[in-house]
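There are 2 protein chains.
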Amino acid sequence: MVPTSGTEPRKITINDVARSAGVSRQTVSRALNDKGEIDSDTKQRVLDAARALGYRPSRFARGLVRQDTMTIGLVIPDLLNPFFTEVAAAALEAARTRGWHVVVYDTADRAEEERGTLQVISSQVDAVIGYFSCSESELEASTRGMPVVLIGREGGSTRFSSIRIDGEEGVHAAVAHLVAQGHTRIGMLDHHTRAEPSIRYEWFTAAAVAHGIDAGLVVGADQTADGGGTALRTLLAAHPEVTAVFTFNDIIAIGVLREARRLGRSVPRDLAVIGFDGLQLGALVEPPLSSVALDTRQLGALAVEQVARLLSGLETLGAEDLVVRAELRLSGSA
Amino acid sequence: MVPTSGTEPRKITINDVARSAGVSRQTVSRALNDKGEIDSDTKQRVLDAARALGYRPSRFARGLVRQDTMTIGLVIPDLLNPFFTEVAAAALEAARTRGWHVVVYDTADRAEEERGTLQVISSQVDAVIGYFSCSESELEASTRGMPVVLIGREGGSTRFSSIRIDGEEGVHAAVAHLVAQGHTRIGMLDHHTRAEPSIRYEWFTAAAVAHGIDAGLVVGADQTADGGGTALRTLLAAHPEVTAVFTFNDIIAIGVLREARRLGRSVPRDLAVIGFDGLQLGALVEPPLSSVALDTRQLGALAVEQVARLLSGLETLGAEDLVVRAELRLSGSA
DNA sequence: AGCGCTCCCGTGAACGTTCACGGGAGCGCT
DNA sequence: AGCGCTCCCGTGAACGTTCACGGGAGCGCT
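Residue numbers (the working numbering), protein chains in the order written: chain C, 1 to 334; chain W, 1 to 334.
In short, the hints are calculated from the structure, not lab data. Being a predicted model, the structure only gives us computed values, none of them experimental. Heads up, a few of these hints could be off.
Heads up, the list lumps identical chains together, so a pair's fine if it works in one copy or across two of them.
In silico DMTMM-like cross-links for lysine to aspartate or glutamate, where the CA-CA straight-line distance does not exceed 25 Å [claimed, not checked]:
#, residue 1, residue 2
1, Lys-11, Asp-48
2, Lys-35, Asp-109
3, Lys-43, Glu-286
4, Lys-11, Glu-140
5, Lys-11, Glu-93
6, Lys-35, Glu-113
7, Lys-11, Glu-241
8, Lys-11, Glu-113
9, Lys-43, Asp-16
10, Lys-35, Glu-202
11, Lys-11, Glu-327
12, Lys-35, Glu-136
13, Lys-11, Glu-305
14, Lys-11, Asp-270
15, Lys-35, Glu-286
16, Lys-43, Glu-315
17, Lys-35, Asp-321
18, Lys-35, Asp-78
19, Lys-11, Asp-214
Produce the complete structure using the sequences and hints provided.
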């Protein structure tokens, strides 16, 4: 019979090691876990046997009997997007202080990968924190009974907790600042992954209207630096009179800074720029980026905190507590 | 008796749901896993009971019986360091194509956290990819029998596989380029987390000697942009004649670019700068960063590939295949 | 009436580990 | 001699799920 490539050799168990070393499985367990109550010679013999056989303990069997580990899943669309890098780092930090493990899933911004992740995640983790683009019913179907905390998404149902990002005042302050600097033609580079405009655009519109300026100078942009550059060209081609730009996020704004330089426009003199997110990255570019900044560490900490409450059955945080405020932070670019 | 905060309510099991719904545990399993062979009314009753009780299946029990999931641990010192962000993203991507799960541990660059991670990781994952600063014997003690692939570290023993970063030629090319541009006083900003100089410094020294220039203009720098700025000031204070700088990595180089601007030095005219790593970030700063660039995606893919071979018992890759070459990539800064 | 088939459900066993407990051997002390 | 203690080791049970298998009820067909 030809052995197929799929025929795994039967898994080595603790009993195989025990037999090989001439001891009981309990003694093997003692040797491997550095417990006492074992002779040092015996211990060495067991360790040698385990190594010779290539034994690896089953984490499932171990986890089943001593139920002391907690693992959460973190689902993000793109780890290389600095915003999600910061969120992930914050979540990892908050999880670490609780001794939790974090399985990270990067869905590459594709619905297909997100669906695939949702299908497998429930058997891997005890709770989920994430940024999802699928419908709530899809989410519900694959996370039955599991705590789920959404980030940056207005939760329609009460099934899921969600951390809300409130930038209304911050965006208002940003527009007010630009107007105070004398700008009257302020463009916005929104994201364009969705058909409908973003809530950040709505905040911008409201602020513009409140200051009596045109809120219609809007162009969709890819959520990358290149996308920001391209969108800036489009915006300036359509509206050359624009002297200030507010962007959906910092990555787009950084692309704007770069493109402005290529176009020979000095920032902030010829073009004022304000982003959104307040990434650490904004301090590295020239000029340093002004931004409606939010505290990503607080965001991660809040998400983990809520998961902890959901898991323990404690009183959960209400929607009014699950908010991260974004505030205007002025730097060189505006 | 006062209930202590530690008294968890006994975990709800499949049997509790079965009893509540008046069926057997197998029927509960069928309902929850969308298997057939179940009446739709029964299924709904089970689902309701499960929800009412707050039942969450044990992933350990499930994993124990159907052994089909593979999980690897990824240990990095700082996810916010863009180099490790890229490595992590690459590893996640490579793992995803294999259907593997990845638990990420950020050790915050602290030996204590690294030790803590090592202690718990063995019961959580099937293999480890990581960047460790501890000794090999410590590593060995806590990863007994588990495949381990180290990145960017010369493996002394044969116990561990390691992905080597070979920048010798790339650094030589960088120095050659600077010399060709007329630079004779080239400084280096090494990292200073360790007592001994880095291997990148050794490459730099060898290249400098080969070109007959002084290799002694070296200053240690923190692995941050601020660290790079501070180190540049120190370097220029001691050696005002320096006209070019090679840095341990891109983050330090970006700090150098920023500091040069503050000092009124134009890059590359007054100061040429070449980094190491080739981060995507380098394209966002002004001027775009020249760097001895390595392919982080290849690095991640290679690490995951080796883990797969170690786990399956296939022939493993030898040291000569576990190499990522870093090559000079010129951009605006030099 | 008897047979086979489909639909639906339940019971014993197994996955691989740790926990709880029991107990033998050897030694020192009274 | 008897007792207690330490050191070392082994056996049954349990963790909570899925798999394999058996089987009853109901229906249609010959």
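Hints, one by one, checked against the model:
| no. | hint | verdict |
| --- | --- | --- |
| 1 | Lys-11 - Asp-48 | within (18 Å within a copy, 38 Å between copies) |
| 2 | Lys-35 - Asp-109 | neither (47 Å within a copy, 30 Å between copies) |
| 3 | Lys-43 - Glu-286 | neither (61 Å within a copy, 60 Å between copies) |
| 4 | Lys-11 - Glu-140 | between (35 Å within a copy, 22 Å between copies) |
| 5 | Lys-11 - Glu-93 | neither (35 Å within a copy, 27 Å between copies) |
| 6 | Lys-35 - Glu-113 | between (43 Å within a copy, 23 Å between copies) |
| 7 | Lys-11 - Glu-241 | neither (70 Å within a copy, 65 Å between copies) |
| 8 | Lys-11 - Glu-113 | neither (30 Å within a copy, 32 Å between copies) |
| 9 | Lys-43 - Asp-16 | within (16 Å within a copy, 41 Å between copies) |
| 10 | Lys-35 - Glu-202 | neither (62 Å within a copy, 45 Å between copies) |
| 11 | Lys-11 - Glu-327 | neither (56 Å within a copy, 43 Å between copies) |
| 12 | Lys-35 - Glu-136 | between (48 Å within a copy, 23 Å between copies) |
| 13 | Lys-11 - Glu-305 | between (39 Å within a copy, 21 Å between copies) |
| 14 | Lys-11 - Asp-270 | neither (68 Å within a copy, 64 Å between copies) |
| 15 | Lys-35 - Glu-286 | neither (58 Å within a copy, 58 Å between copies) |
| 16 | Lys-43 - Glu-315 | neither (48 Å within a copy, 30 Å between copies) |
| 17 | Lys-35 - Asp-321 | neither (45 Å within a copy, 40 Å between copies) |
| 18 | Lys-35 - Asp-78 | neither (43 Å within a copy, 33 Å between copies) |
| 19 | Lys-11 - Asp-214 | neither (69 Å within a copy, 59 Å between copies) |
Violation of the numbered hints given earlier is confined to hints 2, 3, 5, 7, 8, 10, 11, 14, 15, 16, 17, 18, 19; the remaining hints are satisfied by the structure.
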